[in-house]
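K.L.:
This is what each chain is made of:
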Amino acid sequence: GQQLNQSPQSMFIQEGEDVSMNCTSSSIFNTWLWYKQDPGEGPVLLIALYKAGELTSNGRLTAQFGITRKDSFLNISASIPSDVGIYFCAGPNLWNTDKLIFGTGTRLQVFP
Amino acid sequence: NAGVMQNPRHLVRRRGQEARLRCSPMKGHSHVYWYRQLPEEGLKFMVYLQKENIIDESGMPKERFSAEFPKEGPSILRIQQVVRGDSAAYFCASRGQINTEAFFGQGTRLTVV
Numbered sequence: 020g021q022q023l024n025q026s027p028q029s030m031f032i033q034e035g036e037d038v039s040m041n042c043t044s045s046s047i048f049n050t051w052l053w054y055k056q057d058p059g060e061g062p063v064l065l066i067a068l069y070k071a072g073e074l075t076s077n078g079r080l081t082a083q084f085g086i087t088r089k090d091s092f093l094n095i096s097a098s099i100p101s102d103v104g105i106y107f108c109a110g111p112n113l114w115n116t117d118k119l120i121f122g123t124g125t126r127l128q129v130f131p
Numbered sequence: 007n008a009g010v011m012q013n014p015r016h017l018v019r020r021r022g023q024e025a026r027l028r029c030s031p032m033k034g035h036s037h038v039y040w041y042r043q044l045p046e047e048g049l050k051f052m053v054y055l056q057k058e059n060i061i062d063e064s065g066m067p068k069e070r071f072s073a074e075f076p077k078e079g080p081s082i083l084r085i086q087q088v089v090r091g092d093s094a095a096y097f098c099a100s101r102g103q104i105n106t107e108a109f110f111g112q113g114t115r116l117t118v119v
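The listed protein sequences derive, respectively, from chains E and S.
Its first residue numbered 20, the first sequence is counted upward by one per residue in my numbering.
Its first residue numbered 7, the second sequence is counted upward by one per residue in my numbering.
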């Protein structure tokens with residue numbers, strides 16, 4: 020079945036630094052979704068991507084849909100303490116039943 | 007608040023009891039997903055439902071677990087004869103017919119004692 024691998028698994032950065040993380044798939048996706056999960060809360064949708072090569076921003080967040088359609092990237096500029104959390108990529112499994120599958124997550128820690 | 011509503015937020019059950027988790031999707035959404043999350047782990051797909059139909063239950067354990075999404079009312083995830091290993095956070099998400107963007111509830115944290 021389709022697998023989504025995220026890297027890095029975790030990041031420890033200083034406030035103000037930029038962050039970059041990615042998500043790769045064993046097969047093609049037509050949609051990429053990026054979520055953030057705070058401790059004890061449900062995931063919150065950050066950005067949705069629908070076209071190969073698409074670059075979309077949401078405030079300090081920018082995400083890109085890879086040209087090969089097998090990967091996606093999320094960048095956070097000028098990180099702040101409230102960026103702490105787990106970031107997940109997700110996409111619909113088009114080869115089966117359209118279920119939404121999630122990546123393994125990138126855990127971000129920001130130090131002041 | 008028109009978001010996805012899950013209740014209860016916290017549920018404690020003794021081994022052998024039944025747990026019922028409810029999910030009211032966003033208004034107008036007819037697709038519901040249920041996920042399970044263990045501490046420090048990712049979201050594991052359990053089941054995908056549309057109104058009155060189970061589309062994909064490939065992530066659900068074959069025994070003790072069931073899910074429904076009736077024509078009226080919330081989606082229900084039911085766990086019979088709970089065991090300690092069922093302790094986890096259970097999240098549901100909903101989406102509309104066309105758009106693949108799914109929105110999550112705040113989850114139900116099940117503790118089996």
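Calculated directly from the structure, the hints in this document are not laboratory data.
Check each hint, because a few of them may be wrong.
As the list claims (entries may be wrong) - Calculated pairs, DSS-like style, for lysine-lysine (alpha carbon to alpha carbon, straight line, at most 27 Å):
(1) Lys-33/S x Lys-50/S
(2) Lys-57/S x Lys-77/S
(3) Lys-33/S x Lys-55/E
(4) Lys-50/S x Lys-68/S
(5) Lys-50/S x Lys-55/E
(6) Lys-77/S x Lys-50/S
(7) Lys-89/E x Lys-55/E
(8) Lys-57/S x Lys-68/S
(9) Lys-89/E x Lys-50/S
(10) Lys-68/S x Lys-33/S
(11) Lys-70/E x Lys-77/S
(12) Lys-70/E x Lys-55/E
Unchecked claim - DEER-style ranges, computed between Cβ atoms:
(13) Gln-23/S x Ala-97/E: 41 to 51 Å
(14) Ser-26/E x Lys-50/S: 17 to 27 Å
(15) Gln-33/E x Glu-69/S: 32 to 42 Å
(16) Pro-100/E x Glu-69/S: 37 to 47 Å
(17) His-16/S x Leu-74/E: 33 to 43 Å
(18) Gly-102/S x Val-103/E: 29 to 39 Å
(19) Asn-49/E x Gly-91/S: 34 to 44 Å
(20) Asn-105/S x Leu-74/E: 15 to 25 Å
(21) Val-63/E x Leu-44/S: 37 to 47 Å
All C-beta atoms in this analysis are idealised placements derived from N, C-alpha and C, irrespective of residue type, glycine included.
K.L.:
Could you run down the list of hints and mark each one as holding or not?
P.N.:
Now for the hints, and whether the structure bears them out:
1. Restraint check for Lys-33/S and Lys-50/S: the C-alpha separation of about 25 Å stays at or below 27 Å, so the hint holds.
2. Between Lys-57/S and Lys-77/S the CA atoms are separated by roughly 6 Å; this keeps the pair inside 27 Å, and the hint holds.
3. A hinted pair counts as satisfied when its Cα atoms are at most 27 Å apart, and Lys-33/S with Lys-55/E qualifies at roughly 23 Å.
4. As the CA atoms of Lys-50/S and Lys-68/S are separated by approximately 15 Å, the hinted pair is consistent with the 27 Å bound.
5. The suggested pairing of Lys-50/S with Lys-55/E holds, with an alpha-carbon distance near 16 Å, which does not exceed 27 Å.
6. The hinted pair formed by Lys-77/S and Lys-50/S meets the criterion: a straight-line CA distance of about 26 Å does not exceed 27 Å.
7. For the hint linking Lys-89/E to Lys-55/E, the alpha-carbon distance of about 21 Å falls within 27 Å, and the restraint holds.
8. Taking the CA atoms of Lys-57/S and Lys-68/S, the gap is near 21 Å; set against the 27 Å cutoff, the hint holds.
9. Among the hinted pairs, Lys-89/E with Lys-50/S is consistent with the structure: their alpha-carbon atoms are about 21 Å apart, no more than 27 Å.
10. Using a Cα cut-off of 27 Å, the hinted pair Lys-68/S and Lys-33/S is violated, with the two alpha carbons roughly 31 Å apart.
11. Of the pairs offered as hints, the one joining Lys-70/E and Lys-77/S is violated, with about 34 Å between alpha carbons and a cut-off of 27 Å exceeded.
12. Note on Lys-70/E and Lys-55/E: the hinted pairing holds, with a Cα-Cα distance of about 21 Å set against a maximum of 27 Å.
13. At roughly 49 Å, the beta carbons of Gln-23/S and Ala-97/E sit within the given window of 41 to 51 Å.
14. At roughly 19 Å, the beta-carbon separation of Ser-26/E and Lys-50/S lies within the given 17 to 27 Å, and the hint holds.
15. Taking 32 to 42 Å as the suggested C-beta distance range, the pair Gln-33/E and Glu-69/S does not conform, at roughly 49 Å.
16. Roughly 44 Å separates the CB atoms of Pro-100/E and Glu-69/S, a value that falls within the hinted 37 to 47 Å.
17. Range check, His-16/S to Leu-74/E: Cβ separation about 40 Å, and the 33 to 43 Å hint holds.
18. Restraint check, Gly-102/S to Val-103/E: a C-beta distance of roughly 31 Å satisfies the suggested window 29 to 39 Å.
19. Under the hint 34 to 44 Å, the C-beta atoms of Asn-49/E and Gly-91/S, about 36 Å apart, fit the expected range.
20. At roughly 20 Å, the beta-carbon separation of Asn-105/S and Leu-74/E lies within the given 15 to 25 Å, and the hint holds.
21. Restraint check, Val-63/E to Leu-44/S: a C-beta distance of roughly 20 Å breaks the suggested window 37 to 47 Å.
In summary, the numbered hints that this structure violates are 10, 11, 15, 21.
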